[in-house]
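Protein chains: 2
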Amino acid sequence: MSHAPSHSSSFVIQSGLASRRAKNPAFRPLYQQIKELILRSLGAGDWPPGSMIPSEIDLAAQYGVSQGTVRKAIDELAAENLLVRLQGKGTFVASHSDPNAPYRFLRLRPDDGRALEKRSQALSCAVIPADETVASAFAIQAGDPVIAVERILCLNNDAAAFDQIFLAADSFAGLTLEMLRQEQRPFYGILEGRFGVRMIHAEEKLRAITADARVAERLALSNGTPILLVERTAYTYGDKVVEWRRGFYRTDRYHYANELG
Amino acid sequence: MSHAPSHSSSFVIQSGLASRRAKNPAFRPLYQQIKELILRSLGAGDWPPGSMIPSEIDLAAQYGVSQGTVRKAIDELAAENLLVRLQGKGTFVASHSDPNAPYRFLRLRPDDGRALEKRSQALSCAVIPADETVASAFAIQAGDPVIAVERILCLNNDAAAFDQIFLAADSFAGLTLEMLRQEQRPFYGILEGRFGVRMIHAEEKLRAITADARVAERLALSNGTPILLVERTAYTYGDKVVEWRRGFYRTDRYHYANELG
DNA sequence: AAGTGGTCTAGACCACTCG
DNA sequence: GAGTGGTCTAGACCACTTA
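Chains as they are written, first to last, in numbering that gives the first Met the number 0: chain A, 0 to 260; chain B, 0 to 260.
Rather than coming from a laboratory, the hints here were simulated on the basis of the structure.
Just so you know, not all the hints are guaranteed correct.
Claimed, not checked - 20 Å max Cα-Cα, derived EDC-like pairs, lysine to aspartate or glutamate:
1. A:Lys204 x B:Glu230
2. B:Lys117 x B:Asp97
3. B:Lys71 x A:Asp251
Generate the whole structure from the sequences, applying the supplied hints.
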């Protein structure tokens, strides 16, 4: 028999997998079903960020499929930056605290390509009622509580960006300014470590605007300087919006780098 | 025997493939070697944009490897948007003239998510000496000839961007304003069709600036309006730079959309 | 040496498109 | 029905890390 063998063993998980034996109009590949099971385990926190997941052979046995099928599922998850494969070591849950890929979502770069030391300086952290804009991003009612964080981002010890960050109140209840100031990890690393909520994907909208008095002061620029406005919506597992932010990037010494494939 | 079989047949191409029989310090996977062979054929124009490449089975026979190995090579090329797989039909060379993915590199979107009709209006096309900036992008000498094109990009019949485009003179000799005006295809589609040079990858650097008189006039904006400056370096096969451009995007009604993974 | 991911093969069968 | 890509399996062996 060549595929989808009728395992007589009693793996609980496998019983949920749809058969593809006959011509099936609602056909879904096995590896996608496996991918979803892994995704569910990731979302449920079965394997915390940075930890190693079971080996391909183990997973294949658990799910009652061949190693190749598990492999294809993991391949896709690795391509989406949810898992990291390390030959000889194992497969690990991706983490924003990973020193090898810090600030993975930050696209601001110095014009001269010098290596950059990144540092975040939190200014405030408070629960506030959402305004219209923020509420619509989270699909909640205006006035509902959200957590608001303001911070300066320094590149090579120079204030490069000012961020107004809004977090879903239910996901990050208890976040304090002290946490943000004491921790050394990047912002998303802190959220991941303290609240078990990992940012896996984000969308940004960029616009050119002129700095108002407030932003100009934060970035030590003169009023009216052109500024890059970056609005970001960030998602965790299950495409749930857990952050919306408004970033003001100075682009006189820096630029926003993007790759088109 | 399980892999890298000693095919006794006399496929010319295979003779160039490095064996992985023994512990090989300079080990390169077979599928990457196959990938490179396919890439070479693409770069050489053996299979023009939009055309179908040989089937996986054919390629496997030609290269003297298994279908699975060819498959993995094609998988990666498809992931890089160099090939497009269509089940039941075949595998095709990606094309900027493909009506399914027009203006693939354009990230400017209307603020309301309406479907957009895109149209390019060429203003000028001439061979000029490269200035310092352009020369350094192409790694040529200042004063060396390049082709300069200016154009307005309209979204839903509204001037949304003004582009100053510079093209490598050796790759696009003979390009005229008439060609650009008469053709219906997008800009990269024209270059691809007329000169066989396909843009496969680009890098962009974004900055906020204020519109000078010239740009303001082209986009019907008042002088000093904040404008998104987008500098693009575009590459063809072999990472050869064939285009550098400076785009001025208005972002009052539009925004630059980006995905972070 | 053991355990992990990575490569490669051979073969079977399914899904899809087109004539 | 023929041809294409897509899925799945089983098995062998290689590359790499760790102990």
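Status of each hint after checking the structure:
1. A:Lys204 x B:Glu230: 17 Å, holds
2. B:Lys117 x B:Asp97: 14 Å, holds
3. B:Lys71 x A:Asp251: The given pair, whose Cα atoms are some 44 Å apart, is violated under the 20 Å limit.
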